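Here the protein sequences come in this chain order: A, B and C.
Residues 1 to 185, numbered by UniProt numbering, are exactly what the first sequence covers, in order.
Residues 1 to 185, numbered by UniProt numbering, are exactly what the second sequence covers, in order.
Residues 1 to 185, numbered by UniProt numbering, are exactly what the third sequence covers, in order.
Honestly, the hints are just simulated from the structure, not real lab data.
Among these hints, one or two may not hold up.
Since the list gives no way to pick out one identical chain from another, each pair is judged satisfied if it fits inside one copy or across any two copies.
[As the list claims (entries may be wrong)] DSSO-like cross-link-like pairs, simulated, lysine-lysine; straight-line CA separation at most 30 Å:
1) Lys-140 with Lys-28
2) Lys-34 with Lys-180
3) Lys-28 with Lys-180
Predicted model only: the values in this text are computed from it and were never measured.
What follows is the residue order along each chain.
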Amino acid sequence: MQRKALISFLFFFIFLSASNTTTSKKHKSRNPCKSLVFYFHDIIYNGQNSKNATSAIIGSPPWGNKTILAGQNHFGDVVVFDDPITLDNNLHSPPVGRAQGFYIYDRKDYFTAWLGFSFWFNSTDHRGTLNFIGADPLNKTRDISVVGGTGDFFMSRGIATLMTDAFENEVYFRLRVDIKLYECW
Amino acid sequence: MQRKALISFLFFFIFLSASNTTTSKKHKSRNPCKSLVFYFHDIIYNGQNSKNATSAIIGSPPWGNKTILAGQNHFGDVVVFDDPITLDNNLHSPPVGRAQGFYIYDRKDYFTAWLGFSFWFNSTDHRGTLNFIGADPLNKTRDISVVGGTGDFFMSRGIATLMTDAFENEVYFRLRVDIKLYECW
Amino acid sequence: MQRKALISFLFFFIFLSASNTTTSKKHKSRNPCKSLVFYFHDIIYNGQNSKNATSAIIGSPPWGNKTILAGQNHFGDVVVFDDPITLDNNLHSPPVGRAQGFYIYDRKDYFTAWLGFSFWFNSTDHRGTLNFIGADPLNKTRDISVVGGTGDFFMSRGIATLMTDAFENEVYFRLRVDIKLYECW
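One chain only, chain A, in its complex shape (with noise of 0.2 Å):
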């Protein structure tokens, strides 16, 4: 009887385990197997800034220019910059990396950006870089996609939620990012 009892087990468990390998992609955790919370300040070079600015305008649409943010919510402007990331919300806090890329405020009727950039380690915490890209409505909060890693993020996939922290006389900002890595290697 217990025989039996271990046998159909054995089965039931062996079924579980075959299902489990071809469905396995609705079984994947939503458990981060990493939580990071960093801080980057973007100063927009304004044309009398420049020894402190930590991005610029560099394409502006037909009716824009490089120095001030276009009209029509900033449409059309590419912003580069090379920020210093750093682990609270004070810009003269030690960097630990630096935020490095490129978002594009893409919509006329109201601000929503587009994000392109890395985050790039050199601390005694981490060394490596995440990347990152997605659309940001510039709603409260709102979340972008890590798409990959290097060195101690090899690999690495997740989300981060940005929260603009500070926001001042449109040159100064301030961004709050939540990471979480659901796939970690």
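We have chain A already, so just place chains B and C on it with the hints.
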């Protein structure tokens, strides 16, 4: 006898299972876990259509300008867009989301482009984003990568097949996008 | 006694297997499922080489222009390229595909770039595309992400290690790209 068979079977299964783990990459399914079809509509700003335009040239080669696509197959033109997404090929159908991002014409001797964009959905059917990048050789059909997603498309990956469904006077074009996701969470 | 051992063993195995499922991310192999080496060749348009040039500056910072890379380590220059891919380091070898996309110089105080591009293959060996993004600190070697692929490289992911193999007069450079795919379908 039966017990021995059971033990053998168990070991065989363990072996199978172990080998499954290490070579699991080879068993990934090429059957999509989700299939979707959308259209999106791009109206390029030409200096006279600012009311209807959904995109604008924001970078051009040394020999170009920002209201007319450049010679040499538009090589070097960067176009930023915020286009309506519809379920059928009618520009005036109710949009289910926006296609936001940019394309670059990247070849002198014939048409080809590079694309980075997101689908941003906000309808009763779908909420969330899908993120795309890839080369677009402007063949009849061409495949780009779905590199990530958020919301309803949390962590998705897949392939998007693009087809130019209409192309009028270098001002309006319509793309049909067949999305097949092979990684769903 | 033996049966008890068997049952214990079975339960141990079930436990192991279950824990495997939930933490499977940790067991992913760091042995590449495919390794490839290519070279690609970039000739930047400088106002005089339009016949040979394979790339052009299409966005520049407020202090720059489109025929000479800008001061401050080219910060803000956007270059669009369509470069031949070869199997060895000879520019005149028969190309096996095209490297198409863009790079942005994104730092004022030393050279560093951000890359978004695709390899488009159309040879007897390979058909399809590989899509790359990442930060390029222009160290001796640097890693970027392979975020997707199509055709022969359906759904691939991996790491590409870049090495500058030649750099001449800010007009010609050659990159060696060591691609290691860790996710093959």
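Same-copy or cross-copy closeness of Lys-34 to Lys-180 [CA-CA at most 30 Å]: Both: 6 Å inside a copy, 24 Å across copies.
Intra- versus inter-subunit Cα pairing at 30 Å for Lys-140 with Lys-28: within (28 Å within a copy, 36 Å between copies)
Homo-oligomer pair classification [Lys-180, Lys-28; C-alpha up to 30 Å]: Result: close both inside a copy and across copies, 14 Å intra and 19 Å inter.
The structure is consistent with each of the numbered hints, conforming to all of them.
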